[in-house]
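Student: Residue numbers (my numbering), protein chains in the order written: chain V, 4 to 263; chain W, 107 to 531.
Quick caveat, the hints were computed from the structure, so don't treat them as lab data.
Please note that a few of the clues may not be correct.
In the BS3-like style, the derived pairs of lysine-lysine whose C-alpha atoms are separated by at most 30 Å in a straight line are [unchecked claim]: (1) V:Lys102 - W:Lys227; (2) W:Lys474 - W:Lys399; (3) W:Lys399 - V:Lys15; (4) W:Lys420 - V:Lys258; (5) W:Lys404 - W:Lys167; (6) W:Lys157 - V:Lys11; (7) W:Lys144 - W:Lys158; (8) W:Lys474 - V:Lys258; (9) W:Lys399 - W:Lys462; (10) W:Lys147 - V:Lys11; (11) W:Lys399 - W:Lys465.
Computed Cβ-Cβ distance ranges for the label pairs, DEER-style [stated by the list, open to error]: (12) W:Asp513 - V:Tyr171: 46 to 52 Å; (13) W:Asp186 - V:Asn95: 23 to 29 Å; (14) V:Asn98 - W:Ser512: 38 to 44 Å; (15) V:Asn98 - W:Tyr449: 56 to 62 Å; (16) V:Glu208 - W:Ser236: 37 to 43 Å; (17) V:Ile7 - W:Asp513: 39 to 45 Å; (18) W:Lys195 - V:Ser54: 25 to 31 Å; (19) V:Asn98 - W:Phe524: 40 to 46 Å.
Glycine included, each C-beta is placed from N, C-alpha and C at the ideal position.
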Amino acid sequence: MNIILDIKEIFKYRAMIKSIVNKDLRTRYRGSFLGFLWTFLNPLMQLVIYSLIFPYLLRFQIENYAMFMFVCLVPWIYFNTAAVGSCSLIINNSNLVTKIYFPRIILPISFTMSAFINMLLSYLIVIPMLLLFGISITWNILWLIPVFLIETLICLGFSMFFSAVNVYFRDVEHVLGILIMGLYFFTPILYSLDIFGQNMLPYFEMNPLTNIMLAIRDAALYGKAPDIISLRYPLIFGIAALAVGYVTFQRLQRKFAEVI
Amino acid sequence: MSEIAIRVRNVSKSFRVYYDKPATLKDYIIRFGRGDYKEFKALSDVSFEIKKGETLGIVGKNGSGKSTLLKILNKTLYPDKGFIEIYGKVASLIELGAGFHPDMTGRENIYNNASIFGLTKQQIERRIPSIVEFSELHDFIDNPVRTYSSGMYARLAFSVAIHVDADVLLVDEILSVGDMNFQAKCNNHILELQKAGVTIIIVTHDMGSMERICDRAILLEHGRLVGQGGARDVRLTYMEHMASEFDGSDICTAFEIEQPDVIPNEPLTDLPAEPAPGLKHWGNQYIVLRGVKMLDAKGNDKRVFITGEDIIIKYNYFCTVDPELLAPNFGFGISKTDGTHIYGTNTMIENLPPLKLKKTGTMEIRMKKVALLPGDYSLQIAVVGMDNTQYDFINDIARFRMMSSSDDVGITRVDHTFILDGKRF
């Protein structure tokens, strides 16, 4: 089986994944005055802006709106980075792709992993913030782990798919940027689903990220176990996205070095 | 020693050369189905095998498909047809230092670079001392790579590439890494790897070193494999190919075309065109030199000569003033195309009697058994006055190439005999 050989080879190159992730995390903010602090400052500043403006825009008052939004904003940034950031991934690494052999799929894998780790690091600031806002944390916060893993399946699939497709059609990057922004407002991050009528819910549930965000909010903000059953759709979607992304990537990667 | 290391079977590869590559979806849709590109066959039906521990040279002209073949062996390109099988790990000295991050230290970059070759962390750690040792970068290894000189950068990259324990090593062109000492060290190391049983593939133009290092060679031409066998045989085939095809057009370009071959009895008011811009050219043009030819003993106009052949330089002169008033001194010089002077003389140095010129005429310089060794050379011709007034002085008027079937090295052959213990050979 080809796929088993592929996975074996990817495993053999694990040191490369590790070193790319390491390099990525360490050089991302190198040269800036605050350096690694930006990992925390970036979502924090977004939080400040949103929590100043949005309470005025929304009809419903939400308790602890800042944290309501923040627990979902960080995982959203992760998804957004993995999908949109991946578009330029192969092109940015053209000096590697055109010159050296290594399993190309290492690139989206390590890119997603470094976005994932970046999210975890950002999430470190969520916990003291929750305490600061007087929200008690329960063991149910551990539910975040499986939820993040399901989100990672989707991110990996998107990353593989769009990094490969964008090599051939550079428009994808721009189209995707807009689509993902649309999806952002279609996902209950800034608002609660309560503001919509029951008849709208099925549409929201078509978006696999909806239930992921609701589960994150349950685990982190409300301190209760998320509705496990509701996560089966995101899980299936994630597995399908990964499969489609993987097959697409492996098919398209053969001509990367020529097309770039 | 008879185990196969690499098997290449019926490999073909073509590229689409787009007249204007569709880069966006819109372009693609608009162009869909239209032939806005042409197929360029870089390799067609190439098959060969390399045994374990063998050193293979790949030779051929520019554009013959050598680099494409190397990239396919390196697995950065996939063949359209056919397949390759490689048994063992491949490391290439093709693109040294690809993936170095300028902001990271030499040591961190060793980790990154070696991990691209598929080494684990432990394996890398074990190799670090010898990589640092080989690169001679002890004091700088913990500095960011952006502070390195290009030589240091290349040394580090080379050191990593040879320490990944490859079974197959791909080498492109002559290694010009660092200073002479380091180059010698690299070459020695490659020879050691060769002895240690590493399979090596070298792409090169340097026939001398190819024959010295390689056991076997293959010759590519227009993407086809046109010869394979012992390194020496392939080299000779290659030289025959080159000599038969070479008409000098690629080394003596523009200005030769700009130099019309003027018929000597043409009226003098209508002088031939000025030499092409860029041609180094001085003088007050009291005498003008035009229409330079290089001929072999049979009078064929050529630009490629075999070492030991007679060469005749022939050109026309035109006097723009009364020839009676001129006391000309004709000279010529030969240099390497890199500017190294090899020979120069003139009629005054050689104490020729005063030369009487006609209004127009020809000058011929016959050179007997030119002993210049293979390489590209440049010709210089001049005519000045005995008082050193420059009439016409033209640098780099023509270029020619020397070829030889023997292996002596240097610029020119020196006639010699070996006598060992009084016995002549």
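Student: List in ascending order the numbers of the hints, as given earlier, that are violated by the structure.
Tutor: 3, 4, 7, 8, 10, 15, 16, 17, 18, 19
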